[in-house]
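Student: With the UniProt record's numbering, letter number 105 in the sequence shown gets 105, and the count goes up by one each step, no holes.
Do not take every clue at face value.
[Unchecked claim] BS3-like mimics (lysine-lysine), calculated; alpha carbons at most 27 Å apart, straight line:
{"id": "1", "residue 1": "Lys150", "residue 2": "Lys224"}
{"id": "2", "residue 1": "Lys248", "residue 2": "Lys224"}
{"id": "3", "residue 1": "Lys27", "residue 2": "Lys150"}
{"id": "4", "residue 1": "Lys213", "residue 2": "Lys150"}
{"id": "5", "residue 1": "Lys213", "residue 2": "Lys248"}
{"id": "6", "residue 1": "Lys213", "residue 2": "Lys224"}
Note that these hints are calculated values from the structure, not bench results. It should be emphasised that the depicted structure is a prediction, and the values quoted were computed from it without experimental measurement.
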Amino acid sequence: MTEIIDIHPHIIAPDPVRYPYAPLGGKRSDWSAERPFPISQYVAEMDAAGISAAAMVQSATTYGYDNSYVADCAMDYPDCIVGVFTVDIGAPDAVHTIEAWRKRGMAGLRLFGAGSTVQSTGEWMFAHETLPVWEHMAAIDMPVCIQTTKIGLPVVEDLLQRFPDVNIILDHLGRPDLSDGAPYANAAPLWQLARFANLFLKITPRTFDLTEKAPARPDSVFPKLVAEYGAERLAWGSNFPANNGSLKELVQQGHRCFVALSDRDRAAIWSGTARRLYPQLANVTLEALA
Numbered sequence: 001m002t003e004i005i006d007i008h009p010h011i012i013a014p015d016p017v018r019y020p021y022a023p024l025g026g027k028r029s030d031w032s033a034e035r036p037f038p039i040s041q042y043v044a045e046m047d048a049a050g051i052s053a054a055a056m057v058q059s060a061t062t063y064g065y066d067n068s069y070v071a072d073c074a075m076d077y078p079d080c081i082v083g084v085f086t087v088d089i090g091a092p093d094a095v096h097t098i099e100a101w102r103k104r105g106m107a108g109l110r111l112f113g114a115g116s117t118v119q120s121t122g123e124w125m126f127a128h129e130t131l132p133v134w135e136h137m138a139a140i141d142m143p144v145c146i147q148t149t150k151i152g153l154p155v156v157e158d159l160l161q162r163f164p165d166v167n168i169i170l171d172h173l174g175r176p177d178l179s180d181g182a183p184y185a186n187a188a189p190l191w192q193l194a195r196f197a198n199l200f201l202k203i204t205p206r207t208f209d210l211t212e213k214a215p216a217r218p219d220s221v222f223p224k225l226v227a228e229y230g231a232e233r234l235a236w237g238s239n240f241p242a243n244n245g246s247l248k249e250l251v252q253q254g255h256r257c258f259v260a261l262s263d264r265d266r267a268a269i270w271s272g273t274a275r276r277l278y279p280q281l282a283n284v285t286l287e288a289l290a
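Can you build the whole structure from these sequences, using the hints too?
Tutor: Shown next as structure tokens:
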């Protein structure tokens, strides 16, 4: 049986009074209002899809810097869920805040540069006042996820150079342009970043959707990703429920798209890399939810 770890799901609390909305940029994401899945429904979907564990990602476009719901859920399901939180890394007390969240089941930091409701190059990520956070991330060996598009890739490159001891995970592969087909010259900025050993890529249904639009093809995109980065730097995340479909259907889409890869490479992408990035999940088994 293929072990699967999900490193990019989201959850929305059913109680907006206890967990009030405070989206970054002031605009809530459409999906969070249309498909507000709470933890109980995610766990049910997780079980049905055969997923053993998850690194639950804070929905910054719903709750901003208040990670309370993700933290509470990580504490409620310590055998199979860790949290990925968002904080203001420029705040004077940012390191203290990170440590407070870490005590509540948080295993990764996420920075939101550009996406559905926010468009920023992300230069604030390496402002002078953020240096203590980056040094702390290296000291505690905590990965940093970055949500951005191509406008933010120069900043990602700068961060990779400045902080080689910090593992950086690029959400959705930075949403590369695959519209030209193999060998995907339009995605050159992504291939150029492969030289940084501390960069990891998060493959999500957003990536699958791009590869299934001709002339792009899964059987050429994913072998190239493995050739450029190595499967040990690639990991799967569902983006559920931001992407339409059940969690089981999103897993099935991944199986279709990974068919050209070897068993070893698929195993790394489905769970091996996730365990490396989030060692707190190292002892999780498929029976964790039983």
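Student: Does each hint hold? Answer for all of them.
Tutor: Do the hints match the structure? See the list:
1. Lys150 - Lys224: holds, 19 Å
2. Lys248 - Lys224: With Cα atoms ~26 Å apart, lysine 248 and lysine 224 stay inside 27 Å; holds.
3. Lys27 - Lys150: holds, 21 Å
4. Lys213 - Lys150: holds, 19 Å
5. Lys213 - Lys248: Holds: lysine 213 and lysine 248 sit about 21 Å apart, inside 27 Å.
6. Lys213 - Lys224: holds, 17 Å
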